[in-house]
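With chain A's structure known, arrange chain B on it following the hints.
Here is what each chain is made of, one letter per residue.
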Amino acid sequence: MTSNRKLSPRDWPSHPSQSDASYKSTLLRAHQRPLVPLEQSLSELTAPVFGHDAVSALDNDLTRNATQDGEPIGERIIVAGRILDESGSPVQGALVEIWQANAAGRYTHLSDEHDAPLDPNFLGAGRTLTDADGSYRFTTIRPGAYPWRNHSNAWRPAHIHFSVFGSAFVQRLVTQMYFPEDPLLRFDPIFESVRDPVARNRLVSRFSMGLTEPERALGFAFDIVLRGPQATPMER
Amino acid sequence: MPAQTPSQTVGPFFSHALTPGQSGYRAVVGNQLADEKTAGTAIRIEGRVADGAGAPVPDAMIEIWQADHRGRYPDGSEGFLGFGRASTDTEGAYWFRTVKPGTPTAAAAPHISVAIFARGMLNHLFTRIYFADETAANAADPLLSSLERDRRATLVASPINGRAIVTYEFSIRLQGERETVFLDG
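Residue numbers (this note's numbering), protein chains in the order written: chain A, 1 to 236; chain B, 1 to 185.
Just chain A, with the same shape it has in the complex (with noise of 0.2 Å):
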């Protein structure tokens, strides 16, 4: 499963700076010293590798994976995609966890202090694994913009966090998906740390009306690529 060939690098251009004057919190979180490169091991180039028992048959469904006593308060919607790497395969077997706030702008977590209702059948968390062609799909509630103390008047744009592991423990990501058209987004320090327009924009979802569900379900398609293989001499 893992070719244990060696990976391109971290393609930092397309990445947000660990420093941000505008996100405060990188203040005193920021590294300041250059990272270290290191020689691409065994350790870098193998992942944990997780069975079917890691997830169950409601993990990717959070409209049904917490419920207690009704359906959880907010608009349906579906969201789908691939998980790739740069070469354009798909990784298979992939663990995909995200988490989100409920459809008010609200977490599931005892630190979470905006004034906003917790939804009592919403846990905002879900998990699934890719299949044979890289691909996911979530059912959820749309989430909720919500306020922060970044800033006055701050804002943080709706969105859904994702963790995505490969098949190498250095093709790891956490990111987030956007929706389109978010009027927030561009006042967003978060989203706007990533300072190429072009790659920015590969967090933002697509509306798909292939995946909205007939009654049931708004669709948005969402890819995640990952680092790849390195391109050897020939192929650049």
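Please keep in mind that the hints were generated in silico from the structure rather than gathered at the bench. Don't be surprised by glycine CBs; every beta carbon is placed ideally from N, CA and C. Among the hints, a few may not be true.
The following label-pair restraints were derived from C-beta to C-beta distances [what the hints assert, rightly or not]:
#: 1; chain 1: B; residue 1: 30; chain 2: A; residue 2: 90; range: 24 to 30 Å
#: 2; chain 1: B; residue 1: 153; chain 2: A; residue 2: 24; range: 53 to 59 Å
#: 3; chain 1: A; residue 1: 212; chain 2: B; residue 2: 165; range: 49 to 55 Å
If the Cβ cut is set under 8 Å, some of the chain A residues that face chain B in the computed set are [stated by the list, open to error]:
#: 4; residue: 10
#: 5; residue: 42
#: 6; residue: 43
#: 7; residue: 74
#: 8; residue: 87
#: 9; residue: 90
#: 10; residue: 99
The following block gives chain B in isolation, referenced to the frame of chain A:
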């Protein structure tokens, strides 16, 4: 060719999804990779995560990936997953129970790979845990031997005496004086 999806911070509110065992929900993995039946020397690793002011980081997630006691990376066919996750507590503290890894290749000293995620970290960072009682192997390790002494010390876990199981301390300093060596592999 498709291009890499940018990283974003894990944010402060991940624990109900990624480390839910610590709040009573079912978890894919937790911070105990091994129990008394796992082959190898049982060890505990514990430490704190601190920011550039030396203050605890109470909302970090630490992931570890390691070889088994023979130095083989698990491929899913046996019981030992080789992977664990912990979130830090209000004091910035975390711990794992695992087994001491063997030597994956003749060239490298025994080590555990680490990924660190937190609010305020727009990209996760990688580092490695080495063991202070592997003096000879550490001296020959290509990564450790390439670092200045002070920097090297940030990657080496020290034994804590007097514990029921062999325990090592490995603390992570995100920034500033004694900043942990972070790796770009």
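How the hints compare with the structure:
1. Between residue 30(B) and residue 90(A) the CB atoms are about 29 Å apart, so this pair conforms to the stated range of 24 to 30 Å.
2. Taken as a hint, the range 53 to 59 Å is violated for the pair residue 153(B) and residue 24(A), whose Cβ atoms sit roughly 31 Å apart.
3. A beta carbon spacing of about 54 Å between residue 212(A) and residue 165(B) agrees with the range 49 to 55 Å that was offered as a hint.
4. Evaluation of the residue 10(A) hint against chain B yields a held restraint, the C-beta minimum of about 7 Å falling below 8 Å.
5. About 5 Å separates the beta-carbon of residue 42(A) from the nearest beta-carbon of chain B, less than 8 Å, and the hint is met.
6. Here the hint on residue 43(A) is kept, as its CB sits about 5 Å from the closest CB of chain B, short of 8 Å.
7. With a least beta-carbon distance of about 17 Å to chain B, the hint placing residue 74(A) at the interface is violated under the 8 Å criterion.
8. A cut of 8 Å between beta carbons decides the hint on residue 87(A): the least distance to chain B is about 7 Å, and the hint holds.
9. Annotation: interface hint on residue 90(A) violated; nearest CB of chain B at approximately 11 Å, more than 8 Å.
10. Given the 8 Å rule on beta carbons, the hint for residue 99(A) holds: about 3 Å separates it from the nearest Cβ of chain B.
The structure is inconsistent with the numbered hints 2, 7, 9, although it conforms to all the rest.
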